[in-house]
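Each chain is listed here by its residues.
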Amino acid sequence: MKKVSLVIAFGLFIFSSFSQTTDNHAPAVKKVPSVKLKDMNGKSVNTADLFDGPVVFSFWATWCSPCKKELNTIHELYETWQEETGVTLVAVSIDDEKTKSAVSVYVNGKSWDFEVWMDTNGDFKRAMGVNNVPHTFLVDKEGNIVYSHNNYAPGDEEKLYQEIKKLTGK
Amino acid sequence: MIKLFVSLLVVALSFSYFSQGSFSGNVESTFQYLNADSVIGANQPPEKALLNSYMNVFYTNGNFRAGMRAESYLPRIQGYPDRFDGTGIGMRYVGYGNDFVDVTLGSIYEQFGTGLALRSYEDRALGYDNVLDGIRLIVRPYKGVTLKSVYGYQRLTFREGRVERSDGIVRAIDAEVHLNESFPKMKEFPLDVVLGGSFVSKYQRDDNPDLVLPENVGAYGGRTKLRYKNLYFDVEYIQKEQDPSADNLYNYNWGHACVFNFTYTKKGLGILFSGKSVDNMSFRSDRTKDLQDVFVNYLPSLNKTHTYNLVSTLYPYATQPLGEVAYQVDVLYTFKKGTKLGGKTGLTLSANVSTTYEPIRHTTGFAGNLDRVNYKTVPFDKSDSLYWRDINFNITKKINKQFNFIVSYFNININNDVAKISNDASGIIASHIGVLEMAYKINTKNSIRAEFQGLFLRRKEDGSINDKGDWATVLLEYTISPNYFFSFMNQYNFGNPSTEKRVHYPIITCGYIREATRFTVSYGRQRAGLFCVGGVCRFVPANNGLTLSFTQSF
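Chains A and B supply the protein sequences, listed in that same order. Heads up: the first sequence begins at 140 in the numbering used here, then just goes up one per residue. Heads up: the second sequence begins at 4 in the numbering used here, then just goes up one per residue.
What the hints contain is simulated information worked out from the structure, not anything from laboratory work. Think of the CB as a built atom: it goes at the ideal place given N, C-alpha and C, for glycine as much as any other residue. Hints are supplied without guarantee of correctness; some may be wrong.
[What the hints assert, rightly or not] Some residues of chain A that are not near chain B, with every Cβ distance over 12 Å (derived):
{"hint": "1", "residue": "F190"}
{"hint": "2", "residue": "G192"}
{"hint": "3", "residue": "Y217"}
{"hint": "4", "residue": "T219"}
{"hint": "5", "residue": "W220"}
{"hint": "6", "residue": "Q221"}
{"hint": "7", "residue": "E222"}
{"hint": "8", "residue": "E223"}
{"hint": "9", "residue": "V229"}
{"hint": "10", "residue": "N247"}
{"hint": "11", "residue": "E254"}
{"hint": "12", "residue": "K304"}
{"hint": "13", "residue": "G308"}
[As the list claims (entries may be wrong)] Facing chain A, according to a computed beta carbon distance under 7 Å, are these residues of chain B, among others:
{"hint": "14", "residue": "S25"}
{"hint": "15", "residue": "S27"}
{"hint": "16", "residue": "G28"}
{"hint": "17", "residue": "F61"}
{"hint": "18", "residue": "T63"}
{"hint": "19", "residue": "G273"}
{"hint": "20", "residue": "L335"}
{"hint": "21", "residue": "T337"}
{"hint": "22", "residue": "G341"}
{"hint": "23", "residue": "K444"}
{"hint": "24", "residue": "T447"}
{"hint": "25", "residue": "S450"}
{"hint": "26", "residue": "P485"}
Chain B on its own, in the form it takes in the complex (with noise of 0.2 Å):
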């Protein structure tokens, strides 16, 4: 404790010495009362209350920057990684930086292209947060050309008010040149070239008494963006060498993963076409953990992230990181004012389209391998086994200056198999999910929202229901503009095949913000499942009670 004080004195005091530089900084507190409620599985924790906080203050003075954050967990809220527990500085840094260098000492959060080989970054509302301590150089030597380098540990969990790190080091390297940039002959060229490429080494001892481990793993590759007039394209290749973990129960196969974007754009149109293959890309910082832990890299799933209720939070998918195969089609276009289908006011139609299936993996030749290489694959080489598909459009339309709504359609498929998301399923979960959302705006300040969303499961062959059954979901909003909202959402699980367990789960939420604060309110039911935020998910178990948080930017 005495070390907490003495540094948030220290870091108080630094910055109160440079009261020339520019502070900012944000606070998020959120406190909830939970009451048991055997009807849906919640539990009362024994402290009944829980508190979840913490504080970024960051200080730019000139060349110079520094920056903390406190945290505390008095105890954790439901869902938030189990160890994290007391006050302390979850972060802090110092840096100085100009066009040539930019040095940094303490917490990194750092991207190496499209991340596949090294991403530090946190979540605060997932809890997740692998932020690398140690050292960041940056050096650009020329015009266009950004050289990086990361040396330090992964935070692994908070306890006791301290960090405490992953048992590996991770040392890395990234160079780019956008060739337009530094060649002065390209400068008008019509085709935008950007080269780059990473290199990714962790080390940790190997201290397992029957195998051989490798002790530095590298995983390293190269991308390039390339821009011509409305058409874009992107492609990262990283490879990884061998790399026994938990993960992928100590084989000793060397791992791959590779994205590729392609987009076509102009005024009123945009085309999306995405591929992804990834295989034993499972890199972490420590060969023992799982779950979130430690990752270095970043696999992003490639599907669209929703946000309607029912959609978004019962059939999530995040990326199989042992291997699968994944397309994404996503496509939008504006009927501009005047035309037939555009009206007054115009007309917005999206169309989404994502798969993912299991890779082929050869397996003919490697049984009763000694040296546990258990298999090959060709990337982008699928099998027929599905893991998720999702097949989603969506209008939206304005009919007047107070009116508009928007219509959806969502047909959501995940292999519950592998992507593991209810117990009370098997194989593949089809779901059909309509939602109609509409908005009226009463006067310059008052307005009204409603959604209206239900979700129809397939039976199974048999004719038994996969999973919980069909759901709907009514969400009312009011917002005074720019100060408050209320809103109130019943979720009820009508299709469940157990006639007790067709519960109602309402919430009522109000909120006041003013400017950069916010504070709300919530009390009711809420749902168990997954929760996500960019592919990454954790999960929430259900709860009952009275929620208050207050958010503050400074």
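Okay, chain A solo, but in the shape it has when bound (with noise of 0.2 Å):
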């Protein structure tokens, strides 16, 4: 009976507290989460600190050919990208101690210009809500998540640089 009542009592909050969010017509944004990492260079970074325009961050790791050839293909294009829409690509690295040192030798190898992130615990690919790689996430400048997509097949760089003209209104 106690038990009963107890579900009863948190039904019940759990009804006042939706119908409070209803009134405040204040619907749950998607924010970056605060995480803090390391950059690949060993500078501390906060997830969460805003970027001066829009911002893509791309979960990958060295041993995830699909993330490998998105990246690379935005290496190709990223020069015309960040001139027409001020857009940064935050590349985080999945990558754990097995396999860590092994990202400085791809990115430099490969000269791509991105910011590079180590999540070697998988802390901020947790919090992203993250399940497998690649993971791109579009964020605004305000620090929303504004668009996502979990797979990389030639072409979605497109759809991609679509949605950050449409986020920079050009």
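Put the complex together from the two separate chains, hints included.
Shown next, in the form of structure tokens:
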């Protein structure tokens, strides 16, 4: 009996809080959560810190071939993308200790100009709700996640770029 | 069940109250319907159908955060730890953090340094989760200084919808200083220096009637990271006190683990040289456990993580926690556009060599010791007994905007007597693997990709075939950006010494992706093998049937 009343009490609570939500007309926006990471050069970064323009977070790993295809494709387009929209790409490596040291080898060997962050224990990956890589998020300059895509097939970069242009009104 | 319901309500309640904050999370669900297939040795479970699911929900509002994961095994899919069953809460925490302090109560994922002393993490694909349940406090008292402390019990398993914890408790502290941030004078200094140290201790009651076991066992050590222009060097050394366990047959030796990495990189070139020495470093919060259970520390294997089917799943290698000495060299070079080899679009060359050997154990003078200290080792003192060797290289070339290819060669040697991978082999299994991958972009949305892989085993000295013989794999994939993919893969064991076992393993997979939602359907045969992520492996039995999977991020 005690349990039942407990459940009912909680149910009522829930109900009241939900109605509160609708009253406020403040639906939860998905913001980039704050996680403290290091970038590839050992500098501390806070994932929630804002950039000047739109940001693309691309979760990848050195052992993920579609991820590398996606980032290599964007690498070739990156200069144009930056000039036209001011977008920054952050390649978030989920490589753990086993393959972490190969990240700078790959990134520099491929001459990528992206920001590269190291999410060695998967904290940012978890907080962003990433199931598997590649997973790409587009974030506006207020830190709101406006688009995401969980896969890479050739041509997906065009769709991503359309979304970036939509965001910047270009 | 009521308890679960109530806790779900509590979480939902607290989330909905703070409607100003931000939610995120993800869900994954995998369903299997399996057929019996005697040719490949696949069994049909009595339930015929299996279902694994989990959902993470995270909430943040300013400095406050909370999160939970519901898990469900009805029953677990094949290859998952066999004691996972039921539906319940697998992880939950609340936390508060600002720039000075950060405190978390509940489930904690944490890694100190390179993880040689402590790492709690999860890999849902493997069903691996050694999360610590307790409290973590992080303090950043001064610029560049981070102090961490963790106290808790590790997750052992998930039975009848409840997490069961390990027997022993884990207590740990870690300190790290980034000198260039802490000392203003060093800010512009070209040499970047990070120093760190950790101390991890576990307590487990001594319930052994025959031996006097240490109940509190410590593991501690230090690390440094140095960066100077294009050069980078890091090293960590951890030693472990006497820790008699089922793994080391209750010896009273000390243990050590040491890993170093040296890299030189510049635009177009990357070089890595790594080394590792491990002895008696199985460090679990329950000394009686085996396999992948309740490791407090993480000992990564020092080799490249391969992705091609025949390379990654037939002969993978995982660290031998009882002892090994390993080295790795990894090089990547890009010939620029316009150079002779680079042509119009550039060309990338990469090579990787990794070797692992048994360490030398000096046993002279230890025989008949009553203190159960059996041998002496010196870090990086290796014998000639090979555990693993992988020599591989690949060439990536883009011909034009439509067409590109990758050619790869792998020479893999694995010692099946030590890193047991097959019941049909003995000694070193030596394989040559060649892979040709080609991709063609038909137009902006449609692309095709093909992989041709061949694995050839070296015969034993008596001419017999070690293990299951030669294999070939063909993979064809068609993608329509951004929503669809279709793939067909066939693995063929054409070189099996017994002709009736020369079996095809065809499998078809189709997927639909819309933004952060992904559905896949696959039907066909899957070979038994080791499935590894990040150097941790689990055995997946052969199966034949239908797999449906759904993932969503939000």
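### Contradicted hints - numbers only
Hints 10 and 22 are the ones this structure does not satisfy, whereas the remaining hints hold.
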